[in-house]
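Peer 1: The lines below spell out each chain.
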Amino acid sequence: MYSKLVGQTDKINQQLARYGVKFGIYKDGRFDERLFPFDAVPRVIGAEQWAQLERGLVQRVDALNAYLRDLHSDARIIRDGVIPEHFAYASSGYLPQCEHIMPPKGIYSHISGIDLVEGEDGEWYVLEDNLRIPSGASYPLVARGLCRRCDADTFRNAPLVDNRDYGARLREVVDYVNCGGINVVLTPGRYNSAYFEHAYLAEQIGAVLAEAGELFVEDEVLYYRDATRNTRVGAVYRRLSDEFLDPLCFLPESLIGVPNLMAAYRAGNVAILNAPGNGAADDKGIYYFVPQMIRYYLGEEPILKNAPTYLPYYPEDLEYVLANAERLVIKDVAEAGGYGVVFGSELAPEALAELLDKVRAEPRRFIAQEVVDFKCLDTWIGGEMVPRKADLRAFVLSGRKTTVWPSGLTRYAREAGSCVVNSSQGGGFKDTWVLSR
Amino acid sequence: MGSLSLERVGRLLWLGRYVERSYTTLQFILATYDAALDSVEGNWKGQLEELGFDQENDDPIAFFRECLFSRELTASIYYSMSAAYDNAVVLRDVIGSESVAYVQMALNDIERAEHSDAPLLDLQTVIDCILAFKGSCDDYVVNDAARNIIKCGFSIERMDLYTRLSYQLGDLRRETQKLASRIDRTGLPYDRAAFKELIDAVFSPRFPEKTTYEELGVMLELIARVF
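Those sequence lines, one after another, are chains F and S.
Numbering-wise, this note's numbering puts 231 at position 231 of the first sequence, and it's gapless, one number per residue.
Numbering-wise, this note's numbering comes out as the position in the second sequence, counting from 1, plus 1000.
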């Protein structure tokens, strides 16, 4: 179906370089921008499979949004004993400053990036929920436009769902929660690893790309500091972490935040996408409870499976983890980007024992999972087709209703046998094709 | 003028200036290099020294390579284009990805030319990209003020370099006219008195043939005062 396309891989990568499709990386104290290698062999998802995934993703994100609403107000789920109180509030992503703030239209996670893998058994497993500032939608978006230019036959004849409306979908969500005023994409600046995406999405949704110094709050209203007049801001699609958002509310040393932004947000004068405090729901530990959330809030059985997960917080799980550590993957809940993920089988006995001591001492800090043997995808590397492990980040947008972007970022590992697909660790990306029939 | 903060106004102006600096300096280097082929005796470095290329280098090939590709000399083509890129990349939402792409490609091509065995030939694509960028501003920069600020940046930089180098002084009138037709469309405050004085100097019957070195110095100051 895409044989002609594969032959154009180098040219497509040249075009991606032309558009500056890069990500930044800090190494040895130095900032460097790297091209994100693109593999033209797509991940193809059939219509029926996608429909199932779509239902599961909408269900999951609706439950997560319900959890965030509940956690920041009545916390019924805790009172009813579904999630242990200590567990919910000990999450490093839980921010007491966000308690009792109801975001515009009651939506907390507007853009959710759900990481999945397809197991060798054909079953999809959710590995992680990203409800803070998930990135990566821009890459397949740019790539699709370029691929269409090199393979007319495929794109004319294959029943592919067009994914190029991500900007319009995102714009609709931002407009829906806008409290009156312009839309702004707030970026920490060009040395952020995802800066290309910040600038590109601002362009796509017709928003102003702003850094903190260009915004200010007066009388609980956020303004863009225009050269001729100040303009009211109604929605901020922020691309910086909660703790840096507002130095008067979170980290006082933050130089990339907007003083009093949280006051404007609390007063209901500006929408912040995604809502601050979402880290309380995408913690690797809270992940364990998502199936229970779905049952609790929606009264439904979860459509998508979690990878089998153990919480050392529970004594019986701790016992299991200690007994089976060499075949589990152990994750530090505070880490992200592929860091803090350790395969028990890859550790020397002394190192494993040391890790397990830490697990015993701080059980809330770790989770353990069965290693999901996920499928390899054909990948064109060095002039030959080779199998590589790949995951999928699906993007779920929540505005007037919750929808799934019919595409996603498929990331693959560069090295044979490796399961590490993160761009910061050398991985590349593929387009994700969803078939319409 | 749409939503443009003061910082972005500055970046738009400097984007125009650095793109023009790369373009005019490259043309000037090519002209000086060409002249040096006929005479490597005497002052073959020409006025490049006045641009800051005053490194002690008696090897013409090494000297010109420094002018083109030095990471340290602020007047080098690489340095100017790199500065243009630094401004363009934070203006993607204002000038559009297509326009940013031309600046990106110009920088990529300079880096490639550095490793070429015929860099001056390969730098032609840099000139092509710069000219394409200039054209793309008309098509892709939809914000009127932003487009005019970039173009004023082109003009101010070109006038500055031509005056500084006494190079193509005859073209200064045309450049001044271009600037005059755009400056009020930027919506920015500017030094009207300095600009008026500059127009008078450029359109004086004595200009350029009888203009003295001191008078060119005064013109340079006026150019610097406009914005």
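If you're looking for bench data, these hints aren't it; they were derived computationally from the structure.
A portion of the hints provided could be inaccurate.
As the list claims (entries may be wrong) - Some but not every residue of chain S turned toward chain F, in silico, with C-beta under 10 Å:
(1) SER1003
(2) ARG1008
(3) LEU1091
(4) ASP1093
(5) GLU1098
(6) VAL1100
(7) VAL1103
(8) ALA1145
(9) SER1181
(10) ILE1183
(11) GLY1187
(12) PHE1207
What the hints assert, rightly or not - List of simulated lysine to any residue pairs, SDA-like, C-alpha gap at most 20 Å:
(13) F:LYS375 / F:PHE343
(14) F:LYS11 / S:LYS1045
(15) F:LYS401 / F:ASP62
(16) S:LYS1210 / S:ARG1173
(17) S:LYS1045 / S:ASP1086
(18) F:LYS11 / S:GLU1111
(19) F:LYS4 / F:PRO37
(20) F:LYS358 / F:TYR314
(21) F:LYS401 / F:TRP124
(22) S:LYS1134 / F:ARG18
(23) F:LYS11 / S:ALA1224
(24) F:LYS11 / S:ASP1109
(25) S:LYS1045 / S:GLU1072
(26) F:LYS401 / F:PRO37
(27) S:LYS1134 / F:LYS401
(28) F:LYS358 / F:PRO315
(29) F:LYS11 / S:ARG1173
(30) S:LYS1134 / S:ASP1086
(31) F:LYS375 / F:ARG169
Ideal Cβ placement from N, Cα and C applies to all residues, glycine included.
Peer 1: Could you run down the list of hints and mark each one as holding or not?
Peer 2: Going down the list of hints, with the structure as the test:
no.	hint	result
1	SER1003	5 Å, holds
2	ARG1008	8 Å, holds
3	LEU1091	8 Å, holds
4	ASP1093	4 Å, holds
5	GLU1098	9 Å, holds
6	VAL1100	6 Å, holds
7	VAL1103	9 Å, holds
8	ALA1145	9 Å, holds
9	SER1181	21 Å, violated
10	ILE1183	15 Å, violated
11	GLY1187	6 Å, holds
12	PHE1207	34 Å, violated
13	F:LYS375 / F:PHE343	18 Å, holds
14	F:LYS11 / S:LYS1045	40 Å, violated
15	F:LYS401 / F:ASP62	9 Å, holds
16	S:LYS1210 / S:ARG1173	15 Å, holds
17	S:LYS1045 / S:ASP1086	29 Å, violated
18	F:LYS11 / S:GLU1111	18 Å, holds
19	F:LYS4 / F:PRO37	19 Å, holds
20	F:LYS358 / F:TYR314	15 Å, holds
21	F:LYS401 / F:TRP124	24 Å, violated
22	S:LYS1134 / F:ARG18	17 Å, holds
23	F:LYS11 / S:ALA1224	44 Å, violated
24	F:LYS11 / S:ASP1109	16 Å, holds
25	S:LYS1045 / S:GLU1072	19 Å, holds
26	F:LYS401 / F:PRO37	34 Å, violated
27	S:LYS1134 / F:LYS401	43 Å, violated
28	F:LYS358 / F:PRO315	15 Å, holds
29	F:LYS11 / S:ARG1173	44 Å, violated
30	S:LYS1134 / S:ASP1086	17 Å, holds
31	F:LYS375 / F:ARG169	30 Å, violated
Comparing the model with each numbered hint stated earlier shows that hints 9, 10, 12, 14, 17, 21, 23, 26, 27, 29 and 31 do not hold.
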